[in-house]
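The numbering of the sequence shown is this note's numbering, which starts it at 3 and goes up by one.
Please keep in mind that the hints were generated in silico from the structure rather than gathered at the bench. Treat the hints with caution; some may be incorrect.
Claimed, not checked - Simulated DEER-style distance windows between Cβ atoms:
| id | residue 1 | residue 2 | range |
| --- | --- | --- | --- |
| 1 | 376 | 21 | 37 to 45 Å |
| 2 | 456 | 112 | 44 to 52 Å |
| 3 | 278 | 180 | 40 to 48 Å |
| 4 | 241 | 444 | 16 to 24 Å |
| 5 | 243 | 369 | 25 to 33 Å |
The C-beta atom is built at its ideal place from N, Cα and C for all residues, glycine as well.
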Amino acid sequence: MAASTTAVPPVAAPGSRTRMTGRERLLLTLLLGAQFMVAVDFSILNVALPEVGAGLGFSLANLQWIATSFALAAAGFTLLFGRVADLVGRKRLFVGGMAVLGLSSLLGGLATDPAVLLTARVFQGLATAAVTPAGLALLTTAFREGPLRERALGLNGALMSAGFTAGAILGGLLTSLLSWRWAFLVNVPVAALVVALAPRMVTDDRSGDRPRLDVPGATTVTAGLLLLVFGLTQAGEHGWTAPATLAALAAGAALTVAFWFVEKRSAAPLIPVALLRRRNVVWGNAAGLVAFVTETSLVFLLTLYLQKVLGYSPLATGLAFGVLGLGTVLGGTLGGRVVGRFGTRATILGGGLVQAAATLPLVALGAGQAWLWLLLAATFVGGVGNMLVIVAFMVSATSGLPDADQGRATGIATMTQQVGITMGTPIMSAVATAAMAGAAGADAVLSGVRTAIGVNAALVVAGSLLAAAFLGRSRAAGPAPENA
Numbered sequence: 003m004a005a006s007t008t009a010v011p012p013v014a015a016p017g018s019r020t021r022m023t024g025r026e027r028l029l030l031t032l033l034l035g036a037q038f039m040v041a042v043d044f045s046i047l048n049v050a051l052p053e054v055g056a057g058l059g060f061s062l063a064n065l066q067w068i069a070t071s072f073a074l075a076a077a078g079f080t081l082l083f084g085r086v087a088d089l090v091g092r093k094r095l096f097v098g099g100m101a102v103l104g105l106s107s108l109l110g111g112l113a114t115d116p117a118v119l120l121t122a123r124v125f126q127g128l129a130t131a132a133v134t135p136a137g138l139a140l141l142t143t144a145f146r147e148g149p150l151r152e153r154a155l156g157l158n159g160a161l162m163s164a165g166f167t168a169g170a171i172l173g174g175l176l177t178s179l180l181s182w183r184w185a186f187l188v189n190v191p192v193a194a195l196v197v198a199l200a201p202r203m204v205t206d207d208r209s210g211d212r213p214r215l216d217v218p219g220a221t222t223v224t225a226g227l228l229l230l231v232f233g234l235t236q237a238g239e240h241g242w243t244a245p246a247t248l249a250a251l252a253a254g255a256a257l258t259v260a261f262w263f264v265e266k267r268s269a270a271p272l273i274p275v276a277l278l279r280r281r282n283v284v285w286g287n288a289a290g291l292v293a294f295v296t297e298t299s300l301v302f303l304l305t306l307y308l309q310k311v312l313g314y315s316p317l318a319t320g321l322a323f324g325v326l327g328l329g330t331v332l333g334g335t336l337g338g339r340v341v342g343r344f345g346t347r348a349t350i351l352g353g354g355l356v357q358a359a360a361t362l363p364l365v366a367l368g369a370g371q372a373w374l375w376l377l378l379a380a381t382f383v384g385g386v387g388n389m390l391v392i393v394a395f396m397v398s399a400t401s402g403l404p405d406a407d408q409g410r411a412t413g414i415a416t417m418t419q420q421v422g423i424t425m426g427t428p429i430m431s432a433v434a435t436a437a438m439a440g441a442a443g444a445d446a447v448l449s450g451v452r453t454a455i456g457v458n459a460a461l462v463v464a465g466s467l468l469a470a471a472f473l474g475r476s477r478a479a480g481p482a483p484e485n486a
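Could you put together the complete structure from these sequences and hints?
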């Protein structure tokens with residue numbers, strides 16, 4: 003189906019060019035458009051959940067499964083699909099995943115009962131787990147290490163984060179002006195366009211080596227991730243001491259430890275243990291995990307503040323976060339240049355400290371409308387810092403590796419992103435709830451939000467300092483010794 007004469011070749015000379023060709027810009031636009039669409043799906047239904055529940059007859063207790071079913075599939079299968087992309091071809095998985103995303107979005111938009119909608123959300127999550135690591139691997143192999151890759155990853159990070167914010171705004175607008183069904187249906191034409199264009203624009207440099215899929219490793223890590231994500235969502239819903247929470251987290255942790263030993267003994271491991279010993283992979287992903295946990299949970303905390311304390315509507319709340327989206331776009335635009343000039347280590351440290359410095363003043367938020375200006379300024383600056391960390395994390399976590407391992411590396415990085423997004427809300431919800439114990443009303447919500455924001459800022463500082471301390475000192479995260 004793809005014509006080799008029209009395919010876009012990878013950049014030939016690593017780190018030498020600073021300007022993209024016209025075809026490279028088209029390829030980047032296609033890949034970034036797909037990643038933006040995937041990011042929008044993470045949050046587009048958040049403000050529409052009450053409308054969806056009312057329209058399809060979801061009980062209040064089961065409403066959270068609209069988000070949880072997506073998160074379980076997206077986070078639980080990302081690492082597996084990252085390896086599948088290396089084995090069957092990133093281009094095939096990318097195009098196939100986009101097709102499934104379009105079809106499942108159509109199914110969700112036409113759903114007439116809860117079972118059909120949840121089925122659509124599961125398939126949307128599976129498609130996300132396939133498209134995100136495959137798309138990132140296509141990007142990192144098309145743009146070799148150096149200024150072009152750093153710029154491409156910066157734009158990717160900016161659009162992924164902006165997509166998370168835009169999803170809340172778009173979901174509010176579509177639900178208010180049309181129907182919650184358009185939160186699904188808006189994906190269909192975008193997915194169709196990507197599926198039509200990708201076969202001619204995307205190359206897939208699959209190697210001739212086709213080892214067998216590590217079935218024990220894939221089963222262990224996928225089950226472990228599913229249980230961990232399920233446990234985290236249960237913690238946010240029922241508390242950290244609930245039996246279902248403790249059982250799921252304990253079983254997930256046990257399977258994750260078992261995965262390590264399975265991989266040590268596997269002839270064709272899903273993730274070679276040597277890869278997990280690279281400092282740039284481990285500590286780059288640690289910085290990324292903190293960045294996603296803190297910023298997405300801050301959005302949750304500030305949503306509580308805006309709606310429960312200031313009395314904003316869901317649509318007005320989504321619009322207020324547009325300023326955060328602008329900050330992330332600016333941070334992503336600058337991120338590649340900052341990494342190129344100062345290196346990943348300094349960028350993670352500097353970006354994290356900027357994010358923390360912008361977050362900490364929010365502990366002073368009060369009940370008056372005038373505090374909105376502090377919120378807007380702080381989220382803009384914090385968004386810039388957060389995105390600098392995310393760009394540096396992506397560059398670090400995918401650098402110094404051969405093309406054959408890019409699917410594995412981007413699968414780990416994507417898993418970090420999705421688990422971080424899932425973890426943030428239940429963690430900070432538990433902190434805020436504990437601070438509100440014994441009180442009620444807007445004052446209690448404000449007290450809980452302030453406490454959780456302070457913990458959020460402290461977590462950013464600790465994560466940035468630790469990651470910077472253990473990352474290598476090179477300007478770019480190059481190859482690390484296998485025993486690093």
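Hints and how they fare:
For residue 376 and residue 21, the Cβ-Cβ distance of about 40 Å falls inside the hinted range of 37 to 45 Å, so the restraint holds. Take residue 456 and residue 112: their Cβ atoms lie about 45 Å apart, and the range 44 to 52 Å holds. Our hint of 40 to 48 Å for residue 278 and residue 180 holds, since their Cβ atoms are close to 46 Å apart. A beta carbon spacing of about 22 Å between residue 241 and residue 444 agrees with the range 16 to 24 Å that was offered as a hint.
Separation of residue 243 from residue 369 is about 31 Å and conforms to the stated range, judged on CB atoms against 25 to 33 Å.
The structure fails none of the hints (numbered hints given earlier).
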